[in-house]
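Got chain C sorted already, so can you dock chain F onto it with the hints?
Protein sequence lines, in the order shown, are assigned to chains C and F. Convert by adding 1221 to the 1-based position in the first sequence; the result is the number in my numbering. Convert by adding 25 to the 1-based position in the second sequence; the result is the number in my numbering.
Per label pair, the in silico range of CB-to-CB distance:
(1) F:Asp130 with C:Pro1467: 20 to 28 angstroms
(2) F:Glu203 with C:His1298: 52 to 60 angstroms
(3) F:Asn70 with C:Arg1227: 53 to 61 angstroms
(4) C:Val1335 with F:Pro35: 30 to 38 angstroms
(5) C:Ala1377 with F:Phe46: 23 to 31 angstroms
(6) C:Lys1455 with F:Gly125: 35 to 43 angstroms
(7) C:Thr1347 with F:Gly42: 25 to 33 angstroms
(8) F:Lys127 with C:Ser1226: 16 to 24 angstroms
(9) F:Asn70 with C:Leu1286: 55 to 63 angstroms
(10) C:Trp1285 with F:Leu168: 23 to 31 angstroms
(11) C:Arg1351 with F:Asn263: 36 to 44 angstroms
The hints are simulated quantities; they were obtained by calculation from the structure and are not laboratory data. The model shown is predicted, which means the values in this text are computed figures rather than measured ones. Heads up, the beta-carbon is just placed ideally off N, CA and C, and yes, glycines get one too.
This is what each chain is made of:
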Amino acid sequence: MLMISRRLGLYLLTAWVAVTVNFVLPRLMPGNPIQNLIGKIQSQVTPAEINAIRLSFGDTKQGWLGQYFTYITQMFHGNLGISITLGAPVTSILRESVPWTVGLIGLSTIISFVVGTFAGAMLGWTRGSRFDSLIPTATFFQAVPYFFLATVMLLAFGSDLHWFPVLGAYNQTVTPGWNWPYVLNVIRYAELPLISIVLSSIAGWMLGMRNMMITMIGEDFVLMAVAKGLPRRKVIFHAARNAVLPSIANLSLAIGLVVSGALLVELVFNYPGVGDLLLQAVLNADYPLIQGIFLVITLTVLAANLIADFIYLALDPRTRTEAAV
Amino acid sequence: MKTLRLPRSPKVLAGIGILGFFLLLTIIGPYIAPYNPSETLFIPNMGPSGAHWLGTTSLGQDIFSQLLVGARATMVVALLAGLVATFLAVVIGVTAGYFGGKTDDSLTLLSNVFLALPGLPLLIVIDSYLPVGSRSNAFIIGLVISLTGWAWGARVLRAQTMSLRNRDFVEAARIIGEKRYRIMFSEIAPNLLPILASSLLFTVLYSIGAYVTLAYIGLTSTSVWNWGTMLYWAQSNNAPLSGEWYWFVPPGVCIALVGTGLALLNFGIDEFINPRLREAGLTSKQRRKLGLPRRVRLGLTPVLRQPVTTRVPATAKSVSQ
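Looking at chain C on its own, in the form it has when it is part of the complex:
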């Protein structure tokens, strides 16, 4: 339990850093960013929005500390400010786009981890066989930027071969809601983005697992299992269970990377998640929205990390007694 409380403390601290980055950065900007920004937007900004911008840049009579507390209190009330370009509260904008992202990226991360780890275990076990030639290919896919692979896939399988629908998350002709046509349609539209995220991220899991598996096979307990005459399936499972631990320990790192890459995949596919929203916010210098998205992504990644920690705890009994490093 010590491990979980330590990790929880770490994640709380990380969340606090993310919140503070959001608070400090606009105040460090040189010049008069508020006027620049209002000038840059050049759209119909209501006085309320201008006021919101002023507040977010710290243009009040309050001192920094006072502003900081106001900022934190506002945040706990779910108030992340008003989007400059969309004119709506950031919270309600995020409520519409976050489920898409969590669904798409969450599912693809799980698929990629499970399939990649399984394939890596097999590659490690059968090392030296012709399957080893998979490794350079996997390395190449690992090095391709996510958004580039997504673009190529979109071009090849979407617009050229018409195997998959392109652009968006569902066809405009179906009515959103809990009905079969809609659900099937959503799944159909998610296939290609999902495949491209899995392809981009699977190699890392595969190679890591392969290396650990090869290292494990050299251990005495595996030799012992073979000597006892256990069926091969059981021996592989025995080794794999131990080899998978570093992969899960690394999950927390990888989730951040995968999410970063996957946000851009959303962009390529015009998927209505936060990736597309983030790009629009960046292009329009919509700082409240950028900050809101950053905060939500960070919190989601931290939550995913916590889940990974629980899985690790369940798989490795040693961590239940000792403090994890």
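Showing chain F alone in chain C's frame:
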């Protein structure tokens, strides 16, 4: 101390070859580019031809020249960010691992926080606040990228330093009365070299991805040519959907090749650190010739003894031919 000698497997040789090619391009790219990459001299949207190997953009710029010129900015920022991040990783990781105690606790906490923060969104937030002028400054962009990329290396280096700290030779140096920094730099640092190299490769790989991504979403100056800005212009002119593969495929493939080269080189370092991963650079045919089992058997790590190791360079050469 022996110098770091990488196993001469075909993978490592391929990695060195690829990286060497792109490093050469970094140096000579801008000089051998046939045209000025920014000038709109030609008929727009031409396909590849003898005069324009990769065709022209919708503004009539020569794409091949952009690719050659862009290599420099891409590689320089990636290398710079990689070096700075690795430097930070060494300072923080080795200090934490060596001193232990409260220093270790606080530095570990710092790197754990940076590990848990998702890198790209943080980069985007920081970068979107940069004044437009400094977005074309490769140095500033490199520094910002390194800020988000050092933590992983620090963690690995800390772990290795901790395991070295209590070894006998370090203990001996301490008893002799060597100064702390001397122990750190002369006794411990050389043994960190393989891990350091691997962490450098990873951070360069990360930096190239981060830089290209920032450029692709338009957060760096779009007037500096790098492979990311090429993709940015290709995307914003709908090159992928209008079938102009010669515009957006080459920069992406270049990025992927550099990344593959780095990863292949890293295989060599992995095999150096973890001997069980080694195959001694032998294909299955050579294995049979040397009388080794074709597939590695369980619990037995094949060891190549003296007469064989002298023959390895010869066989490795025959592979590359």
